[in-house]
Amino acid sequence: MDLNILTVCYLLASVTFIIGLKMLSNPASARKGNLIAASGMSAAIIGTIFLYQNVETGAHLHNLGWIFGALLIGGVVGMFAAKKVMMTAMPEMVSLFNGMGGACAALISIIEFNHLSKELQAHSIELSSVQPTLVIIAVGLMIGSVSFAGSMIAWGKLNGRVKDFSFPGQNILNLVFLATALLAAAWLVLNPENSFLLYIILILSLLYGVLFVMPIGGADMPVVISLLNSFTGVAAAFGGFLYDNKVMLTGGILVGAAGTLLTILMCKAMNRSLVNVLIGSFGGSKSTELDNTKVQGNYKEINLSDAAMVMSYANKVMIVPGYGLAVAQAQHICHELEKILEEKGVEVKYAIHPVAGRMPGHMNVLLAEADVNYDKLMEMEAANDEFKTTDVVLILGANDVVNPAAKNDPASPIFGMPILEVEKAKTVIVNKRSMKPGYAGIENDLFFQPKTSMLFGDAKKVLQNLCAEIKLV
Amino acid sequence: MENILQWISSNQQTIYVVILMIFVGIEIIGRVPSVLHTPLMSGANAIHGVVIIGAIIVLGKAEPGNYLALVLGFIAVVLGTLNVVGGFVVTDRMLEMFKKKPTSPKEN
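These protein sequence lines map, in sequence, to chains A and B. Following the numbering used here, the numbering of the first sequence begins with 20 at its first residue and continues without gaps. Following the numbering used here, the numbering of the second sequence begins with 3 at its first residue and continues without gaps.
Derived by calculation from the structure, the hints in this document are not laboratory data. As the structure is a computational prediction, the values presented were derived from the model and not from experiment. Among the hints, erroneous ones may be present.
[To be verified] Taking beta-carbon pairs under 10 Å as the criterion, some of the chain A residues facing chain B (in silico):
{"id": "1", "residue": "SER33"}
{"id": "2", "residue": "LYS335"}
{"id": "3", "residue": "ASN383"}
{"id": "4", "residue": "ALA401"}
Just so you know, even glycine gets a beta-carbon here, dropped at the ideal spot from N, CA and C.
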């Protein structure tokens, strides 16, 4: 009876995952979709705790104290971390949580293996009957640990604690690690009495995960996180094989498939292939060659009152936000500037590059937080048409997404990436903290063009002063 | 060969589920606007937290004296819960910001 109810719980949960994910891909229903998936998850978890029965013995789960203790700790910490995290740090938080899921899958494999090897030693089961299970355990362990190690590195990279790192032959070494791990897995399946092999697989997979992400540039981390996300999905699905648990299977495969497609879509938004992202080590090794070529022209600075003047007498101003805006938490004052300019009869719009910031959609989230009207946010193609009739483009902490090298310079690592063609506008004002290159580590010609002027400083402070100046005009 | 065919036929249900889910997964997010890439990734991230079910089963089955299994299982459930709770809450916070847009013309 209990098991039948549990089956219904799982069925409902699987359906909510599908519906939730479907609703998440539409702005109007996204939030509800998330809640629906969450409720399905809760039903599956609670159902498992109280209704799960061992098929052979009919025994319910015990150690309920341990289970609830763990749920409480994880729940409180997870809730607290997710509530407290700053908007700018969201991407790294996703990576961190993804790593937790990977580690969870890896741990399950380790425990199940220990369990199984004990039974094998006691000769209570035949080796041939558990070999498929051993395959599942080994593969689940590998994917889970790669996902965990990779996510941790991606997390470290996004918050700046881990630097890009690569060395000659790294790809080959990676392949060696992977091949050795696979060999060890095969050996383990055939000879499970060599339980140390499990730990060799674990270590090699962790190393592989670290080295796999290390050389990839920070600007590409969203793609990597999305890929690791689908890895964890697959690892969860292997858990589903292990327990013949359909909700883990459906949830895991669903995320694995959707995550893979999402990864490809993200690459497409940057006009690059996945392979190029993964082995191109974009912005990693190449940035060093460009270190000493910094002085390549003169740029001109503009002072606040001139900038205020230019903007208040413009007909149309386009604001291009970037990561600098997010770091400075300047979204509210940016909205303020927009309102002041509009009171003066200036048309203000925002040009949003799909990968501005650290994640696709990062800028939309940030500006929405500041109550910026959704209609004012223009996507890249529409914005590129608008620039022709724009008087002033104000770039706030964006760099690579407006770099003309992506169009003109085939040697540039970002060549081919669609950009916001701000140089079509009459004037360009760039707010940056310094002349340092952007995240991809490459120089930006835009800053040296005659129509461009630089307005140095922290985005929030500059905007505050700019607002004050404009009011005086 | 015999073994493989045997394995396929005894696991056909699972294989069907896997294949169908791959198509469902690809189908449902095929036309997502780039604005939603991040929340969608985060939502998917929370859903694969379903791995926690496995962790709960492992922990719940561990014999009371087997401290290795208990401790590892405990850690697994904590990590899984982090993934689920953190994942859904972060996604909700991201989407909360999208939701304000119909009310944006403010009275002032």
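Hints, one by one, checked against the model:
For A:SER33, the suggested interface contact is upheld, since its CB lies about 9 Å from the closest CB of chain B, less than 10 Å. Restraint check, A:LYS335 versus chain B: the minimum CB separation of about 20 Å is more than 10 Å; hint violated. For the restraint placing A:ASN383 at the interface with chain B, the shortest Cβ-Cβ distance is roughly 5 Å, inside the 10 Å limit, so the hint holds. Hint on A:ALA401 is violated. Least Cβ distance to chain B is approximately 13 Å, over the 10 Å limit.
In summary, the numbered hints that this structure violates are 2, 4.
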